[in-house]
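Asker: So you can see what is in the structure, the chains are spelled out below.
Protein chains: 2
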Amino acid sequence: MKSIEYDCVRLEDGFWKNKQKLNEDVSIYSVWNRFYDTGRIGAFKCDWKQGMDNQPHYYWDSDVAKWIEAVAYIIKSEPNSVLEERVDGIIDLIEKNQWDDGYFNIYFTVSGEERFTNRNSHELYCAGHLMEAAVAYYQTTGKDKFLNCMKKYADLIYKVFKEEDGAVFTTPGHECIEMALIKLYKCTNEKRYLELAGFFLDKRGANKKDYCCVPQSTEYYCQDYVSVRDMDSAEGHAVRALYLYCGMADYAKETNDDNMLEACRKLISDIINQKMYITGGVGSTFMGEAFTIPYDLPNESAYSETCASIALMMFAQRMLEIDNDVKYADIVERSMFNGMLDGISLDGKKFFYENPLEVNLETYKRNRSTTTEEHLPITQRVEVFECSCCPPNINRIMASIQRFAYAVKDGAYYINQFMDSTITDGENIIRVKTKYPCDGKINITAKNIDELNIRIPSWCDKVLTNEQYEMKNGYMNIKNPSANFTIEFEMKPVLVTANTNVRADCGKAALQYGPMVYCIEGIDNGDVYSIRLADNLETQIDYDETYGTNVITAKGYRKSKNKDLYYKLSDDEYEQISVKLIPYSCHANRGESDMIVWFNLK
Amino acid sequence: MKSIEYDCVRLEDGFWKNKQKLNEDVSIYSVWNRFYDTGRIGAFKCDWKQGMDNQPHYYWDSDVAKWIEAVAYIIKSEPNSVLEERVDGIIDLIEKNQWDDGYFNIYFTVSGEERFTNRNSHELYCAGHLMEAAVAYYQTTGKDKFLNCMKKYADLIYKVFKEEDGAVFTTPGHECIEMALIKLYKCTNEKRYLELAGFFLDKRGANKKDYCCVPQSTEYYCQDYVSVRDMDSAEGHAVRALYLYCGMADYAKETNDDNMLEACRKLISDIINQKMYITGGVGSTFMGEAFTIPYDLPNESAYSETCASIALMMFAQRMLEIDNDVKYADIVERSMFNGMLDGISLDGKKFFYENPLEVNLETYKRNRSTTTEEHLPITQRVEVFECSCCPPNINRIMASIQRFAYAVKDGAYYINQFMDSTITDGENIIRVKTKYPCDGKINITAKNIDELNIRIPSWCDKVLTNEQYEMKNGYMNIKNPSANFTIEFEMKPVLVTANTNVRADCGKAALQYGPMVYCIEGIDNGDVYSIRLADNLETQIDYDETYGTNVITAKGYRKSKNKDLYYKLSDDEYEQISVKLIPYSCHANRGESDMIVWFNLK
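From first to last, the protein sequence lines stand for chains A and B. Residue numbering for the first sequence follows this note's numbering, starting at 522 and increasing by one per position. Residue numbering for the second sequence follows this note's numbering, starting at 522 and increasing by one per position.
Hints are computed from structural coordinates only; laboratory data are not their basis. Possibly wrong hints are sitting among the right ones.
All copies of an identical chain are treated as equivalent in the list; a pair is satisfied when it fits inside any one copy or across any two copies.
[As the list claims (entries may be wrong)] Below are the DSBU-like pairs computed for lysine-lysine, each with C-alpha atoms no more than 35 angstroms apart in a straight line:
#1 K542 - K566
#2 K787 - K1084
#3 K886 - K848
#4 K1089 - K954
#5 K730 - K1101
#6 K707 - K570
#7 K954 - K617
#8 K983 - K730
#9 K672 - K1089
#10 K962 - K707
#11 K1101 - K993
#12 K968 - K724
#13 K1082 - K683
#14 K871 - K724
#15 K1076 - K664
#16 K848 - K673
#17 K1076 - K730
#18 K1101 - K680
#19 K870 - K1084
#20 K712 - K724
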C-alpha cells in the first residue's frame, strides 16, 4: 500500500488536530527561539571564529534542517510568511556558504578540521537531514534553491565516497543519509542518488576502516558488525539503527531487493517482539543510547529516546506499506500515542529526550553519598538540549502526522490511524469523524470508494457496526461502503502483562485504555510504590480537558506503612483507595513527581 | 553484658562446628596458598624493587594480618605447629623490617613513596589490622614479639599524628585503627592508645585538610562530613563506616562518652531500619562500595560486601553488649547466617566479595552492545581477589564465631546465638545441644547458673518449653534453671515482605526459615522469573547434607510462555509446579545460575 501524503489529508478536529495546532502555534516558534538563542541559526553564517561564543556543534545543521522540514509541512496547509522568510534566510546562507564543489557543513567550514575525516562527526547525518528538508521545502513551496544546493552536495558525496573512495571512512557513523538520498532520488529522478544510498548500505559491516576510526565505538554501536542483508537483530544506538533500517526498507522497495527486505522483516520483528517498551519506546540504555539484549527493558533507566520512537514509527510505516501487515500500524499507533507524545509537554514548549517509564525522585538523592555518579534521566521537560535532535523531530512529525492515517492499494483505501480528518484526494473522499482516542467511535463518510479497509486496533476485542465486512489481514474489509456509517471499537481499560522474559515487569501489570498507556503519578496518588490496583479492575473514565483525553480512576489498595524494614507478609495491612491514572504521555506536566507505568496488583 | 570470649567457649557439634572445622582444615590453608602465590607473604621481606613481579599493594599488610589473627584463634583451641611457624616467620620479618622509629608498612617501605602523605593508601588501616593480629597472637600464644613491634608502631603514630601533627592528613582514610588501638590499650593498659583512638575519632569530620588530599573521594565516602558525635545516618564506604562505628562504640564504652554512644545508637538504627538487606548485607552500591539513601536496596546490583556483613556483626555485637537489646543479637544472626556466610563456598576455598540478592545471567550479555560497561558482580566465588580483604576476614570470624554465642552480666548468663557448644568458664557450665538452624530445638544443661537469659529470635512466634520463664528485654529470663531442659523455637517457613519504601522488593516476598533466608536458583528451577509462589505457603522441608541444613520445596506456579511481548493480563496462564528453595548463603555452588531472593506470589 502507499500512504496518502500529508498534503492530501486535512486534520479537521479532535486529538491530533489539537496537537498539530499546538505545534504550528507554539512549538515551531519555541524551538526556533531556542535555536536562535543558542546560536544554531546564526551559525549558518559560517563566520564563527575561535574565541567567539556559541561554537557550532557538528550536529547543528541537522537540528535546523528538521525544523525547516517542519516549516515546509506547516506552510503547505497554511501559508505563513514569517516562517517562510526565516527558512528562506537560512537557505540563502546555505547557498552563500556552500563550498564551490558543493560541500556544506557548518562545523567543518568554521572549525578548520579536515572534512570527511571523522566518521563520528555526523557529517553525512547532517547532509541527510538537509536533503530531506530540501526535498520537503521544494515539494511544498515549489522553490528549488535549497534542493539545488543539496543536489550539488549529493553529487559531491557521490564523487568522494563512491567514485574516489576519498574519505577516511566509507559509511556514515550516524545513519540518515540513506533514506534521504532515496527521497532525493524520488524527487529528482536522479538514479545516482539511489545508487549512492545502495553504496552506503552495501558497504556497512564490510569496512574495517570504518569502525577503526571511531575508537570509542564498537561495531555494534554503529550497526557495523555485519552486512545489512545479514542483520537479524536490532543492535547499537537506537536512532542510528532505525534510520538505517528505514533506508534499508526504502532501498529494498525501490530496487525489489528481497534479501534486504527480509533483513528488515527480521529487524522489526526483533524490535517489536523483544526490545520495545509498552510505550513504543526503544533503546533500553543510555550507554550508547542503545538497544541491548532481548527483553532487557528496565523502566527507571529506560533511555527510550523521543527520536527513537519517531524513527520506529517511520520504520513501521515503511514496513506497513511494503507488507500491508496491520501489526505494523499497531506499532505506529503505540509509539505515536505514548513514546513519541511523551516527548513534548502539554504546553508545546518543552521536550524530553529520554522517556523512562518510571520516575523515582529518591533515586536522584542516591548519588550524593557515592563517589561516582549514575546517569539519571531528567524529570522535567526542557526547551532545548545541547544535543537537541528531538524537539525539531517532534516539530516535523507533528506537522505531518496525518500521513500515517490513510493508504491506498490497487484502488482500495486503508484507514490505518484514526484521526478526525478528510482525504482531499480529488474525487475520492473519505471523511472520518472521531474523538479517538477518547472513545472508539469512528464515523465515516465515503464517496466514490469501492473498497475500504479499516484497521482493527490490536487492543480491541469487539467491534460494533451495522456495516457488512469481512476480515482481511487484520483489516475490516468493506466492499462498497455506505455513504455514512459508524464503527465502534469497544474501548475499556485493560490490564496488560509483559512477556515472562521481561524481568523488569515481572509480576506487574500496566493499564491501557485504547491505544494509550496510563501511568500513576505521585502528585495525584502520594507514594506510588505502596499502591496495588485491584486485579478485578473497577474503573471510572472521565474526560479531562487538560490532557485532551480521559483520566481513569481505579479501585486500589495502599499497603500500610510499617516501621520495620522486613516483617511477616501476613502482618501486611491494606486500605482501599482510589487510584488516579493519567496518560503516560501526559506525565511530568505538573512539576516533578514519582511516576510508574508498571504497578502491582492485589 | 560482656561476651564470653572465643577461648572460653568450645563448639562441640552441628552447623557452626562444621563451618569452623572447614575453616581450620581448608580455608586457612587455601587463603595462605593464594596469598603466597600472589606475593603477599613474600612481600614481608620488604625487598621488592622496580621491575620485579608482585609489586606490593598498599593493603597487603592488612590481608595477611587478618590471616594471622585467624591463626591465633585456631591454635588456641588446637595447637598447630605448621600455622604457628608460618606466623612466626612473618613476625620475624616484621621485626626485621620495622623502621628504627617503629614504622612498619610494606608498600611505603619498598615503593619509596613518603610515608604519611597519602590518606587513601590504607597505611593506618594496615597498622590497625596488624595491631589486632598482634593482640590476638599475644593473647593466645603468650608470645610478645609481634605485640612489642606494634606497640612501638603505635607509639610512633601517637607521636606523629597526635603530638607533632606531622602527617599530611589527620585521620585515616580507611578506618580500623580506632578499634585496634582500643584493643591494644585493653591488652597493654597503655592509656595513650585509648587517647590516640579518641584523637582519631574526634578529629574526623573536623579536618578540611583530610578530605582535600583525597580528590576522588567525597567527605561522605570517608565519613568525614561531620563530627562523629553528630552522625545520625550511615554514610559512605560501608566497611570503612562500620569499622569506624565499632571504634566509636568501643571508645564510648571505655570512656562513658554518652554523646558518642548516642551517635552509635542512631547509626545502627539507621542501618537496621533503612539500609540493610534481608540477608544482613549492607552497602547498596559498588559506586564507592557505599551506603546510599534510605530504602535503596537494589538486589541485582547490591554490593553487600562480605567484609561489611562481618563489620555489621561486629558493630551489632558491641551495641548488644552496651545496651543489652536483643534486637542487636538478631542482626548478628541475620548477617552471620546469610550475608557473611554467602561470602564463602561450601568447599571452603572460594569467596565472594560482593553478595548480590539476584543473579541474572542475561544481564552479563547486555554489555556487548553498549559502548560503556556497567559494573556487574561476579557470579562465581574465586579463591583470591586483587583486593582480597574478605577471605581472611572470613577466616578470622569463623575461627572465633563462638564469641557471639554467650554473654554474662551481673552474674546472669545470656544465650545470644544458638550453637552446639560448651562454656568452659571454670565452674559455671552451660552445655547447649542443638541442630540449629536445621530446627529450633535447644537442649540446655546448666550447672551453677542462677539466672539464664535466652534470646527468642525475632523470626520466632511461638516457644515451647516446660521451663518457667519471664520475658525480659526480649530474652526468656529463667531463674534457677533446671539442670537439663529443652526449649523449642517453633520453626516454619515464613513469607517475609519488605517495608513499603523498599522499591526493589515492591510487591514481592522472600522466604525465611528460622534465621536463614532462602533463594530460588535457576539450576533447580529453570526460568526463575516465570515462577510465582503460592501465597498460602505449602512447603516440604528436607535436610540436605551438602548444605548442612534444610532445603524447602514449595508449591508454586509457572507463568506460561507467550510469544507476545505485551498482552492482556486475563490471557495469562499458569501451571502448578514445585519450587525448590535453598539457603541464600549456599547459592552459586553448582556453577553459574540465575538466582532470586525476592519472588512474586500468586
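Asker: With reference to the structure, classify each hint as holding or not holding.
Answerer: Each hint, compared with the structure:
In this assembly of identical chains, the alpha carbons of K542 and K566 lie at most 35 angstroms apart only when taken from the same copy (31 angstroms versus 80 angstroms across copies). When the C-alpha separation of K787 and K1084 is checked against a cutoff of 35 angstroms, the pair qualifies only between copies, where the shortest distance is 15 angstroms, while the shortest distance within a copy is 51 angstroms. Taking identical chains as interchangeable, the C-alpha atoms of K886 and K848 lie at most 35 angstroms apart only when they sit on different chains, with a minimum of 29 angstroms there against 42 angstroms within one chain. In this assembly of identical chains, the alpha carbons of K1089 and K954 lie at most 35 angstroms apart only when taken from different copies (28 angstroms versus 55 angstroms within one copy).
Neither within a single protomer nor between protomers do K730 and K1101 lie at most 35 angstroms apart by alpha-carbon distance, with minima of 55 angstroms and 52 angstroms respectively. Taking identical chains as interchangeable, the C-alpha atoms of K707 and K570 are never at most 35 angstroms apart, the minima being 38 angstroms within one chain and 72 angstroms between chains. Taking identical chains as interchangeable, the C-alpha atoms of K954 and K617 are never at most 35 angstroms apart, the minima being 47 angstroms within one chain and 94 angstroms between chains. Taking the shortest alpha-carbon separations for K983 and K730, neither the intra-copy value of 55 angstroms nor the inter-copy value of 72 angstroms comes in at or below 35 angstroms.
Taking CA atoms no more than 35 angstroms apart as the test, K672 paired with K1089 passes in neither setting, with 72 angstroms inside one copy and 50 angstroms between copies. In this assembly of identical chains, K962 and K707 lie within 35 angstroms of each other by CA distance neither inside one copy nor across copies; the values are 38 angstroms within and 84 angstroms between. Proximity of K1101 to K993 under the C-alpha cut-off of 35 angstroms is found in neither arrangement, the shortest distances being 38 angstroms within a copy and 48 angstroms between copies. In the homo-oligomer, the alpha carbons of K968 and K724 never lie at most 35 angstroms apart, since the shortest distance is 48 angstroms inside one protomer and 87 angstroms across protomers.
Taking the closest pair of Cα atoms, K1082 and K683 never come within 35 angstroms of each other, the shortest separation being 67 angstroms inside a single copy and 48 angstroms across copies. In this assembly of identical chains, K871 and K724 lie within 35 angstroms of each other by CA distance neither inside one copy nor across copies; the values are 39 angstroms within and 49 angstroms between. Taking identical chains as interchangeable, the C-alpha atoms of K1076 and K664 are never at most 35 angstroms apart, the minima being 58 angstroms within one chain and 73 angstroms between chains. In the homo-oligomer, the alpha carbons of K848 and K673 never lie at most 35 angstroms apart, since the shortest distance is 40 angstroms inside one protomer and 79 angstroms across protomers.
Taking the shortest Cα distances, K1076 and K730 never come within 35 angstroms of each other, neither inside one copy (60 angstroms) nor across copies (57 angstroms). Proximity of K1101 and K680 under a CA criterion of 35 angstroms is satisfied in neither setting, with 60 angstroms inside one chain copy and 66 angstroms between copies. Taking the shortest Cα distances, K870 and K1084 never come within 35 angstroms of each other, neither inside one copy (43 angstroms) nor across copies (40 angstroms). Taking CA atoms no more than 35 angstroms apart as the test, K712 paired with K724 passes inside one copy only; the shortest distance there is 18 angstroms, against 78 angstroms between copies.
Violated hints for the displayed structure, listed by number in ascending order: 5, 6, 7, 8, 9, 10, 11, 12, 13, 14, 15, 16, 17, 18, 19.
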